[in-house]
Amino acid sequence: MSVHDPHAWDRPVRAPAWRPRLRLPSWRWLAEAMWWVEHSFGRARADARPEEDTRVRIFLILAVFSLVFAGLAIGAARAALFAPKGGVGSVHHPFAMTRADLVDRNGALLATNIVHYGLYIDPAEVWDRPLAARQIKQALPRVSMKRLNRVLNGERRLIVLPGLTPQEKAAVHALALGGVTFEPEDRRVYPLGASARHVVGASDGGGVGITGAELAFNDEIRAAGQKGQAFPLSIDLRVQGVLENELAAAATETQAKGAVGIVADVQTGEILGMASWPTDEGLNRATSAHYEMGSVFKTFTVAAGLDTGRADMDTLFDASEAFMIGNRRITDFHATNQILTLEEVYLHSSNIGTSRLAVEMGPQVMRDYFTRFGLLDAAPIELHESARPRRPRKWDDSTLASLSFGYGIMITPLQMTAAMNALTNGGRFIPLSLRKGGRRDAQARQVVTPETSAALLELMRRNVVRGSGTRADAPGLRVGGKTGSANKLVNGRYDPTHAVGTFAAVFPTDGPLDARRYSILILVDEPGTYPRTGGFVAAPAVGRIADRIAGFLGVERRADPYRTALGEAVPQYQDVEGDGR
Amino acid sequence: MSLLVLPLQRLFAWKIRGVRWVEIIGVLLVAAMIFSVYVAKAAAARTGSDIADLERQIAENGRRVRLLRAEAARLERPVRLEALSRDAGLVPVDVHRLATEDRLPTLAPRPEPAPAPAPTPAPAVAEPEAPVAAEAAPATDEAAR
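Top line first, the protein sequences correspond to chains A and B. Once you know that position 394 of the first sequence is 394 in the working numbering, the rest is easy, because the numbers rise by one and skip nothing. In the working numbering, each number is its position in the second sequence, counted from 1, plus 1000.
Check each hint, because a few of them may be wrong.
Said to hold, decoys possible - Facing chain B, from chain A, some residues (calculated, C-beta under 8 angstroms): (1) Ala46; (2) Ala73; (3) Ile114; (4) Leu237; (5) Met324; (6) Pro475; (7) Gly476.
As the list claims (entries may be wrong) - Take a look, some chain B residues computed to stay more than 10 angstroms from chain A by CB distance: (8) Arg1066; (9) Glu1071; (10) Leu1081; (11) Leu1098.
As the list claims (entries may be wrong) - Now the stretches of chain A that chain B is said to cover, found in silico as 3 or more residues with beta-carbon under 8 angstroms: (12) 187-196; (13) 281-295.
In short, the hints are calculated from the structure, not lab data. C-beta: ideal position from N, C-alpha, C; glycine also.
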């Protein structure tokens, strides 16, 4: 080694070439054991025991196989004996489907899924095409002949008609034609037809809700469907049926353009029935149509007056002459020309009286109370259709006067129901709900004092006994309520031939404030018969509905200070004249 | 030691027609096991198909139940029932024909039993309210339900 390495001094010292290989002890043991086995042949030869080698190997292989088989046997036995019942996929329900059945609060069916069949034809397998076309058309009249011929003369297997009912499928199947096949498809079916259709809504072919409760509760309905359960709504089909029938009768009788009926539980906010007539119209007037409702609003004005302490039952209002605001002249429909108490203002439905009260309270108070009653926001309900009201732009004296008797603001019937519920259940504003049991998440809001609520119940009862709502009374059911009659704005003018007659009722009015109580709202849109006031077009329907649903709701007939249980007048209370305003 | 091992070895080495009897027995046992496994598997498959069949039937019946329920709901829709009731001349019960249970004893007795008691329609109601008059019309709403 004569070659000089000039960098040798600054190089790191090289590690020695030999290094003991690092091995884990277990590996070493295993390697040794393997080599021991591997060398057993040589060892045996060396020991002059040539039979040993095979024996050891056989034994070893035997041992290994036995071990493996024992392991497998134990595993198999364990799987066979101790496997959980139903296996891994046991969360699957036998009756699971994409959307749950919709039922009413008592379990009556409102919407369900039924297997329908798509009709497919493979023209290659059809022998006599004209004959097949004729026979299918005969068995299934609603099939389009054009489509049928196109598929029959085509080349591939194509769908002719989706959504065959089981009966239609059976009829076509019975023809025993070649090449005709059926594919099952799940379809949403509404067995009630037009009944409750605005409440239930509809869902599309893909199983997604598009209107009504189907849309509002879409996710929950799907979740319930996965579990094979039904989804109950707050609707009571018996109440709904009575409501629809009486509403249709009232609308036909009054030759109306449309009508709305809502029955709700005052204490829970549950909607027991909601109908919009005509039923074949897509528009749900209860949630989406706006109306100036007229005198029903006097209830809110009076409630605000009582609640603020601005007035009590005996406060006097001068209705002896028209009330002038600027050059606007407010008169009464049925002028009394005298000084009225607050109660008389309500019972005679005096525009002058409520206008004076509203102007006295001022815009702040009126706005505050209208907000509290939910009149300035969309009705709180799960339905997506619930529309926002058309609110007044300015709050001057003239507007206040209009608002006090229900003009200048257009609200939906559901808003009216929500507000009337709040006034008649002790003053708690409870969001409306289509869910059985009402809404659990929402909190009730105290909007007026219980005393105000009690006073209003009494006032509404007296209004039915001897005010403008006498036709709404039902024997023994202590109905209370307020009529509303408004003219519609046609071409910029309020036209008396286009009217809206309303009756907002509640029954029974007696008993404690938290007793079971139900509100009925009937609105008749553009009645054709005269008189067009709420007391004539809407109130009779309210009376009939209350009479018929009381049994379903468990309301007993009882006497009160004004009427006996059979509806006869108690003598000391005589009717004042009711003009149905 | 050899006293014990030797006979065993002899026994082990005993052959029938050139085949060890141990092997013959082993083959027989394996054959028996294969056969029994086959039988068990076949039975399991049959049971499995039975179960599948029953499940299919259950599903089919479930579908049928749904269909019939829908049909029943269609036939019982309030509009149709009311139209039928009105056609049959039935009207909601008048309030004067209603009585509560506790008033039953005070009601006037039936004036005269009808000469030929025609089979009356279904008893009016299962409600607490009972008809006062003997020939009370059934309450359309309640009877319909």
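I'd like to know which numbered hints this structure contradicts. Please list them from smallest to largest. 1, 2, 5, 8, 9, 10, 11 and 13
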